[in-house]
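Note that the protein sequences, when read in sequence, are chains G and A.
The first sequence: position 264 = 276 (our numbering), numbered continuously.
The second sequence: position 196 = 207 (our numbering), numbered continuously.
Think of the hints as simulated: they come from the structure by calculation, not from any bench.
Idealized CB from N, CA, C, for every residue including glycine.
Honestly, I wouldn't trust all of these hints.
Partial chain G-side listing against chain A, Cβ under 8 Å, derived [what the hints assert, rightly or not]: (1) Arg83; (2) Pro118; (3) Gly128; (4) Gly129; (5) Asn235.
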Amino acid sequence: MPTKAEQSDLFQAVHGRNADAPLAVLAPASTADCFDIAIEAVRLATKYMTPVIVLSDGYLAHAAEPWRIPREADLPRFPVTYRTDPEGFHPFLRDAETLARPWVRPGTPQLEHRIGGLERDYDSGHISYDPDNHARMTKARADKIAGIANDIPLQHVSLGDDRGKLAVVGWGSTFGAIHQAVKIARDEGNDVAHIHVRYLSPFPRNLGELLKRYDRVLVPEMNNGQLVKLLRAEYLVDAEGFSKVTGKPFRVTDIVQRIRGGAPPPSEGSGLGGEAG
Amino acid sequence: MTVTTITDAQLAPKDYASDQEVRWCPGCGDYAILKAVQKACADLGLVRERTVFVSGIGCAARFPYYMSTYGFHTVHGRAPAIATGIKLANPELDVWVLTGDGDGLSIGGNHMLHVLRRNVDLNIILFNNEIYGLTKGQYSPTSRRGTRSPSTPLGSIENPVSACAFALGAGARFVARSIDTLQAHLIATLKRAHTHRGASFVEILQNCVVFNDAVFEHITGKEVAPDAQVLAEHGKPLLFGKNKEKGLRLKPGTLALEIVAATAGDVLVHDETNRPLAQLLAALEPPFPAAMGVLYCSPAASYERDVYAQQAVPKGNSDLDALLNSERTWEVVP
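All chains should be modelled from the sequences, with the hints used to inform the complete structure.
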């Protein structure tokens with residue numbers, strides 16, 4: 013719902029691009045994190061020459077929290093090196109590590125080239141309908157995004173142990189509610205941990221192995237079950253969805269009750285969405 | 012911002028062609044337009060690395076691949092947005108937008124409106140063939156009422172948009188029309204468009220030989236052309252007919268045109284700086300002749316010029332640290 017808190021565009025961000033072409037998707041976990049994650053998005057976008065989506069939501073936009081104001085001089089910079097050397101130039105030469113293409117500014121002599129949305133030759137960038145080239149290019153586009161996993165932090169556990177009975181896995185603005193709920197449940201003696209995913213495409217490279225160390229994985233989301241499906245598809249883990257699509261954020265008690273016994277929490281009037289996954 | 016004019020007088024039209032095989036249907040009007048653009052580039056001495064062709068989607072949109080300049084084949088209808096970005100990033104680049112009646116007036120009608128009213132210094136060439144050729148012949152926003160196509164088997168019941176009237180309505184400061192087969196006129200029109208600072212809009216009537224063949228025959232046919240076209244030339248009377256025996260004048264007491272004998276004393280003299288006249292000419296439909304040439308040219312400050320002028324003025328709040336620490340901020344001291 014416009015202007016309300018919801019996380020229902022995750023699929024669109026991760027899968028919404030034409031022609032089997034993935035891109036990077038990040039989600040800030042808090043209001044302060046919005047600042048840092050925007051910088052991280054620019055780092056990835058310039059290093060890998062790819063669009064990066066930052067998925068915020070209405071809850072974060074309306075929230076406030078103390079935030080240490082950084083000094084401009086301390087902010088990282090991501091200078092881009094522009095190619096000017098015509099020797100051996102092709103617009104689709106790829107950096108061995110990032111698979112990014114060279115940056116070439118129009119106006120640079122002898123590097124004139126054409127670039128567009130039709131399938132192009134792996135090296136020259138000329139339009140190519142060659143079957144093998146298309147398969148190779150499709151794979152190259154996927155590998156480029158997948159490779160970002162090697163350049164982002166490993167998934168850490170926000171609260172609790174890195175193995176156990178239950179992991180509550182969230183993303184985006186649900187951080188606070190999940191964190192408090194897990195804290196309460198742990199104080200009550202439950203073996204439960206909180207994992208919050210900031211990198212949604214690609215996932216951190218240890219995420220699958222981490223999730224498999226828990227007996228159960230619970231994924232609260234303000235949608236009909238999107239991250240839970242991505243996790244199940246990617247890692248074959250038997251993750252359970254916990255949906256709330258009322259336009260209102262999770263209450264801590266919603267999640268605490270779910271952790272305690274799995275019984276559906278009482279309705280708060282506007283009703284809770286059904287389970288997914 | 013200073014814009015230097017560097018030209019390369021050594022290049023021939025073929026030097027502006029890329030090494031790629033041109034793939035339009037045999038007989039397509041696009042070949043003639045490509046040839047005219049390459050000739051105009053050579054005549055203007057354009058420097059290849061400083062020239063950028065930007066297109067959206069459609070048959071016309073393959074154009075950049077056939078030029079030896081920089082080229083971007085971009086998003087359907089969104090070439091104006093990308094071209095605006097290119098021009099803003101480097102105003103010294105010579106940026107051309109290639110589009111069609113579907114790409115430019117339907118899918119990208121919104122973008123076309125805004126790039127024209129912003130007056131970004133771009134050369135915008137709209138290939139109008141009154142049909143969606145690339146998708147095999149569906150009716151387009153310029154298709155006339157009654158057009159039978161795979162998507163209008165009973166004939167279109169929609170009223171077409173006039174590309175030039177649209178451009179004028181959007182606030183374009185340069186609006187011209189030509190025809191794919193009128194090579195000399197087309198080349199001259201493209202060169203005029205190029206010299207105009209600000210957005211220049213050129214509609215080219217282009218024959219789609221496969222899906223809409225001869226749709227402009229009532230204008231371009233050898234027999235009918237003298238009576239069906241009036242050439243608008245600044246400072247010259249609006250005459251037409253085999254022997255220039257007919258003219259256009261304002262119908263007395265109205266704001267409409269009428270056809271009179273050339274000998275009538277009050278035949279209109281074309282004034283390309285006169286917007287109302289341009290609007291009358293752009294909208295002419297049979298039995299009136301179609302107006303060709305520069306219908307309107309009245310330069311004004313271009314968008315990128317104003318952007319850079321605004322940026323050049325020192326501003327008080329350019330210190331990011333000061334800005335972040337202003338207003339309601341506080342420090343937590345442990």
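**OP:** Compare the structure with the hints numbered earlier in the document and write down the numbers of the violated ones, lowest to highest.
**Re:** Hint check: 5 fails alone, others pass.
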